[in-house]
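The whole structure should be built from the sequences, with the hints applied where relevant.
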Amino acid sequence: MPSAEHRLQTLGLHVPPPTPAAASYVPYLIHGDHLYISGQLPMENGLLKHAGRLGDDLDTFAGQQAARLCGLHILSQIKAALGTLDKVSAIIKITGYVASAPDFHEHHKVLNGASDLMMEIFGEQGRHTRAALGVVALPLGAAVEIEAIIKIA
Amino acid sequence: MPSAEHRLQTLGLHVPPPTPAAASYVPYLIHGDHLYISGQLPMENGLLKHAGRLGDDLDTFAGQQAARLCGLHILSQIKAALGTLDKVSAIIKITGYVASAPDFHEHHKVLNGASDLMMEIFGEQGRHTRAALGVVALPLGAAVEIEAIIKIA
Amino acid sequence: MPSAEHRLQTLGLHVPPPTPAAASYVPYLIHGDHLYISGQLPMENGLLKHAGRLGDDLDTFAGQQAARLCGLHILSQIKAALGTLDKVSAIIKITGYVASAPDFHEHHKVLNGASDLMMEIFGEQGRHTRAALGVVALPLGAAVEIEAIIKIA
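Protein chains in written order, with our numbering: chain G, 1 to 153; chain U, 1 to 153; chain L, 1 to 153.
It is possible that some hints are incorrect.
Any copy, or any two copies together, can satisfy a pair, since identical chains are not distinguished.
To be verified - 25 Å max Cα-Cα, derived DSS-like pairs, lysine-lysine: (1) K49 with K109; (2) K49 with K79; (3) K109 with K87; (4) K49 with K87; (5) K151 with K49.
Just so you know, the hints here were simulated from the structure itself, not pulled from any lab data.
None of these values were measured; they are calculated from a predicted model.
Set out below in structure tokens:
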């Protein structure tokens, strides 16, 4: 079975450098065999790439791109924490916050941008539990924010 | 002391069949002695039963019914994961997302619909920590979504 | 290195008495070496001190005061659960819900009111992972709600 790092290479995905915490906290912490990852925003080169609200400024497809970028930042933090994606035993849980208009109802489809990435990279070990919800606003005006709990091999 | 399964029977509660994940994730995962349950919506026979926003379309009582139905789906996922409610050692934490108008302030009362159910079924072991918050919208337009972390006996 | 209790005294901070759960749940639970703390509101003497929405009724500085007060209530629950702050091994994670207007984007700065307090009191052990998000409303009309997962020494 190909390793997660191998899949990442095969897919030709670019993992961004880990974003420092935007404030008085840390981007990840290891406790026992759990790796906790702080809420990741869809940043690119230090700037927010996907701003605005789903249903107002962005459609579901654009939201999925934002969620996928948040997912790539989760991969980035995993590599910063563990050195390699291959030390991941399981993606336990992701929580996805989607800035949205009151009548937007496809938060689950938006989050698939990140969930599908986890499955592409980690295969069966990437299958995770999840909650997806629509928030009124996010830090910096981001469209999506995703946090994760990872099990370390 | 009566078992959780016994209480369920005595109360004559109908536990719905487990809802498959609506997207690229799984409804539950077991890691060590923890059972993680994805956000559950108030579904009935595969359709959303409680849509809309608290304070706009639903009052607190209707919201409690929605939360209780989410709670029944949590019971359903527990049974799917463990075979029986009697393998639950504790309900550690539930997080409840309530779609609400900006001036609605009874999210905690809405969530009691699920919290009270946990106490009815699990007794002291059903006493859990909790966060309740008002979100702008939820997947499919649901009124309430609840996720849970369970400790396995 | 000064203990957390010592720092608390040196800083002359007042830790409020633990607030009972506002509904059918408990304010904290211990499982193994983890202490789970329910969402804490900015209460003072049994009344909500900081109501309203960031960007509408409160500015970022006022929100930070609200977050700091939520943080003091987290300290209060830790003391209720463990008897002393000195049994804290780490603040693993806080999740901060900020009631906000759709165009408010400084949720991360608001949450620093609580994050900075954790660092003041626990030093390096207070460095935590975090998610900060803007919700449409909170129980009782609170401006901020914060929940936490703590590792016990």
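Evaluated hints:
For the homomeric pair K49 and K109, the shortest alpha-carbon distances inside one copy (19 Å) and between copies (20 Å) are both at most 25 Å. When the C-alpha separation of K49 and K79 is checked against a cutoff of 25 Å, the pair qualifies only within one copy, where the shortest distance is 22 Å, while the shortest distance between copies is 42 Å. Within a single copy, K109 and K87 get their C-alpha atoms no closer than 28 Å, and across copies no closer than 33 Å, so neither meets the 25 Å cut-off. Taking the shortest alpha-carbon separations for K49 and K87, neither the intra-copy value of 29 Å nor the inter-copy value of 42 Å comes in at or below 25 Å.
For a Cα distance limit of 25 Å, the shortest separation of K151 from K49 qualifies neither inside one copy, at 29 Å, nor across copies, at 35 Å.
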